[in-house]
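Number of protein chains: 2
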Amino acid sequence: MSRLYDRVALIGLGLIASSMAHAIRQAGLAGEVAGYDIDAGHRETAREIGLCDVICDSAAEAAQGADLVMLCVPVGAMGAVAEDIAPVLKPGATVSDTGSVKRAVIDAVVPALPDGVHFIAGHPLAGTEQSGPRAGFAALFSGRWCILVPNGAPQAAQDRLAAFWTGMGAHVDWMDADHHDLVLAVTSHTPHLIAYTMVGVADDLGRVTDSEVVKYSAAGFRDFTRIAASDPTMWRDVFLSNKEATLEILGRFTEELFALQRAIRTGDGQQLHDYFTRTRAIRRGIIEAGQDTAAPDFGRGGGTKAGGGNA
Amino acid sequence: MSRLYDRVALIGLGLIASSMAHAIRQAGLAGEVAGYDIDAGHRETAREIGLCDVICDSAAEAAQGADLVMLCVPVGAMGAVAEDIAPVLKPGATVSDTGSVKRAVIDAVVPALPDGVHFIAGHPLAGTEQSGPRAGFAALFSGRWCILVPNGAPQAAQDRLAAFWTGMGAHVDWMDADHHDLVLAVTSHTPHLIAYTMVGVADDLGRVTDSEVVKYSAAGFRDFTRIAASDPTMWRDVFLSNKEATLEILGRFTEELFALQRAIRTGDGQQLHDYFTRTRAIRRGIIEAGQDTAAPDFGRGGGTKAGGGNA
Numbered sequence: 008m009s010r011l012y013d014r015v016a017l018i019g020l021g022l023i024a025s026s027m028a029h030a031i032r033q034a035g036l037a038g039e040v041a042g043y044d045i046d047a048g049h050r051e052t053a054r055e056i057g058l059c060d061v062i063c064d065s066a067a068e069a070a071q072g073a074d075l076v077m078l079c080v081p082v083g084a085m086g087a088v089a090e091d092i093a094p095v096l097k098p099g100a101t102v103s104d105t106g107s108v109k110r111a112v113i114d115a116v117v118p119a120l121p122d123g124v125h126f127i128a129g130h131p132l133a134g135t136e137q138s139g140p141r142a143g144f145a146a147l148f149s150g151r152w153c154i155l156v157p158n159g160a161p162q163a164a165q166d167r168l169a170a171f172w173t174g175m176g177a178h179v180d181w182m183d184a185d186h187h188d189l190v191l192a193v194t195s196h197t198p199h200l201i202a203y204t205m206v207g208v209a210d211d212l213g214r215v216t217d218s219e220v221v222k223y224s225a226a227g228f229r230d231f232t233r234i235a236a237s238d239p240t241m242w243r244d245v246f247l248s249n250k251e252a253t254l255e256i257l258g259r260f261t262e263e264l265f266a267l268q269r270a271i272r273t274g275d276g277q278q279l280h281d282y283f284t285r286t287r288a289i290r291r292g293i294i295e296a297g298q299d300t301a302a303p304d305f306g307r308g309g310g311t312k313a314g315g316g317n318a
Numbered sequence: 008m009s010r011l012y013d014r015v016a017l018i019g020l021g022l023i024a025s026s027m028a029h030a031i032r033q034a035g036l037a038g039e040v041a042g043y044d045i046d047a048g049h050r051e052t053a054r055e056i057g058l059c060d061v062i063c064d065s066a067a068e069a070a071q072g073a074d075l076v077m078l079c080v081p082v083g084a085m086g087a088v089a090e091d092i093a094p095v096l097k098p099g100a101t102v103s104d105t106g107s108v109k110r111a112v113i114d115a116v117v118p119a120l121p122d123g124v125h126f127i128a129g130h131p132l133a134g135t136e137q138s139g140p141r142a143g144f145a146a147l148f149s150g151r152w153c154i155l156v157p158n159g160a161p162q163a164a165q166d167r168l169a170a171f172w173t174g175m176g177a178h179v180d181w182m183d184a185d186h187h188d189l190v191l192a193v194t195s196h197t198p199h200l201i202a203y204t205m206v207g208v209a210d211d212l213g214r215v216t217d218s219e220v221v222k223y224s225a226a227g228f229r230d231f232t233r234i235a236a237s238d239p240t241m242w243r244d245v246f247l248s249n250k251e252a253t254l255e256i257l258g259r260f261t262e263e264l265f266a267l268q269r270a271i272r273t274g275d276g277q278q279l280h281d282y283f284t285r286t287r288a289i290r291r292g293i294i295e296a297g298q299d300t301a302a303p304d305f306g307r308g309g310g311t312k313a314g315g316g317n318a
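Each protein sequence line maps, in turn, to chains A and B. For the first sequence, our numbering puts the final residue at 318, and the numbers step up evenly by one. For the second sequence, our numbering puts the final residue at 318, and the numbers step up evenly by one.
Simulated from the structure, these hints should not be mistaken for lab results. Be careful, since some hints might not be right.
As the list claims (entries may be wrong) - Short, incomplete list of chain B residues facing chain A, as computed with Cβ under 7 Å:
(1) Cys63
(2) Ser138
(3) Thr173
(4) Gly176
(5) Val179
(6) Trp181
(7) Val208
(8) Phe231
(9) Leu279
(10) Arg287
(11) Ile289
Predicted model only: the values in this text are computed from it and were never measured. Note that the Cβ used here is the ideal one computed from N, Cα and C, for glycine as well.
Construct the complete structure from the given sequences, taking the supplied hints into account.
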């Protein structure tokens with residue numbers, strides 16, 4: 008892979024940026040990678056493990072002279088970072104981001120940027136429930152989708168950023184910001200909120216002890232706790248900045264849930280059976296699309312067949 | 008491991024019974040294993056793969072002369088099977104089951120059994136989203152909990168059944184039927200209903216195509232589809248027969264969900280952040296209890312670090 012950018016700046020050294028640092032280095036995509044995190048401890052850790060070529064003490068220092076500045080901070084912090092770095096941005100530079108919401112990020116970042124600097128919004132659909140500069144690994148994006156929003160940037164800048172993500176192992180798709188936000192509300196944001204809620208309910212229930220919840224949490228619930236262990240700040244910002252789509256999907260979700268709840272209350276076994284039969288088809292589609300394997304696993308990992316489903 | 012029963016009958020040759028057949032054979036827990044399934048195709052498959060020592064053409068034939076009869080059928084079919092086998096049961100035999108609900112099974116099975124036959128209800132907390140006689144594997148119960156409900160059986164019968172499950176690799180706990188049903192409503196039944204619902208909503212949404220749902224379903228939603236791919240008949244029966252506890256937990260769930268929904272609508276970031284921070288603790292408890300690993304995986308399996316979380 009040939010070098011695509013002379014200098015890349017990674018702002019916010021969490022799971023995504025630290026994985027990018029490893030992947031960029033592995034594929035030789037940049038001449039130099041500069042990093043910055045608002046947390047001094049994270050900067051210290053990043054220096055210790057040699058995450059980037061240089062770790063700077065301000066976002067502007069990292070962004071100065073960069074051909075590509077990646078904003079890898081929580082969605083709610085994007086606008087402030089853009090204002091910080093705007094005065095030092097190189098003419099013709101590309102600014103991009105890795106936030107989970109796209110419309111709100113575009114609205115916050117674009118007005119802060121100087122003329123001649125292009126913003127292309129981005130969202131790699133990859134991650135784990137772990138965070139911080141030690142959480143990253145080069146293969147995080149391998150075979151995963153990265154959605155990019157062109158936002159009127161020149162074709163050459165779009166092509167270069169797409170090649171950059173492809174170089175890190177991702178498949179690239181282009182999408183409108185609003186459609187991205189709706190799709191992600193369905194496939195990610197609402198499911199996360201539901202998982203958080205269910206884990207909270209379990210914790211609250213006086214008659215079932217926490218140790219029982221922990222001890223007997225196979226399958227379904229264990230997957231929920233994994234989801235619900237994700238970074239609180241990141242997820243707070245996701246829900247606040249993708250409010251409309253999340254509330255719309257939540258409304259549909261509770262409508263459906265009430266219908267199933269009613270079927271349980273009235274003993275309508277046929278309705279339940281029909282519903283559960285239909286949902287099997289989507290799972291098959293996901294396996295056929297190569298987004299998961301048919302191997303029984305239930306989040307246990309380790310590659311054995313000792314899966315964890317239960318009822 | 009020494010032989011615990013001369014003849015074990017497995018009624019219903021799905022994932023659980025077929026895994027038991029492998030585990031019993033591997034550990035030498037029974038002199039003979041007889042199997043029966045109501046589906047002629049499943050009986051044929053079981054014969055082809057040599058799942059049991061003998062596959063019978065009726066439940067009564069399988070149960071005849073057995074020291075242990077395991078009912079591994081959907082919860083709603085337990086009572087009818089008990090009636091079928093009652094006339095041939097050996098005096099002193101133990102009947103048990105593997106259903107996901109315990110009160111309803113006890114109420115359905117016990118009245119059908121003759122005097123001198125003991126019913127000890129059971130529930131191994133293990134499974135995958137796959138079903139049928141080919142789905143089983145010997146390690147399914149390894150390190151997982153099996154909850155047993157003594158139901159007044161003699162101590163010797165209880166000890167023997169506990170040794171049987173331990174011999175298949177499980178840890179055994181004894182519990183009251185009603186408490187079991189509440190604990191499982193929290194840790195398994197309600198999470199499954201929620202996952203089914205969310206997958207159904209995604210499928211219904213006209214503006215997001217099924218292919219987009221499939222393509223961009225990393226993390227949260229992919230875990231949901233795995234859960235929602237479980238056997239429809241089994242789950243229909245679970246909800247119909249654990250109605251009260253499920254409806255109670257669903258009520259609490261929607262109450263909490265509405266509170267978070269309101270926080271999103273009003274932009275109360277502090278409430279969201281506090282809630283999401285709290286749910287992280289339960290996840291840590293589950294890892295510390297050895298029910299899962301800290302490795303980032305998100306249901307992808309394969310033992311690599313290429314996990315699939317995203318937002």
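Outcome of the hint check:
{"no.": "1", "hint": "Cys63", "result": "26 Å, violated"}
{"no.": "2", "hint": "Ser138", "result": "10 Å, violated"}
{"no.": "3", "hint": "Thr173", "result": "17 Å, violated"}
{"no.": "4", "hint": "Gly176", "result": "9 Å, violated"}
{"no.": "5", "hint": "Val179", "result": "12 Å, violated"}
{"no.": "6", "hint": "Trp181", "result": "13 Å, violated"}
{"no.": "7", "hint": "Val208", "result": "5 Å, holds"}
{"no.": "8", "hint": "Phe231", "result": "6 Å, holds"}
{"no.": "9", "hint": "Leu279", "result": "4 Å, holds"}
{"no.": "10", "hint": "Arg287", "result": "5 Å, holds"}
{"no.": "11", "hint": "Ile289", "result": "5 Å, holds"}
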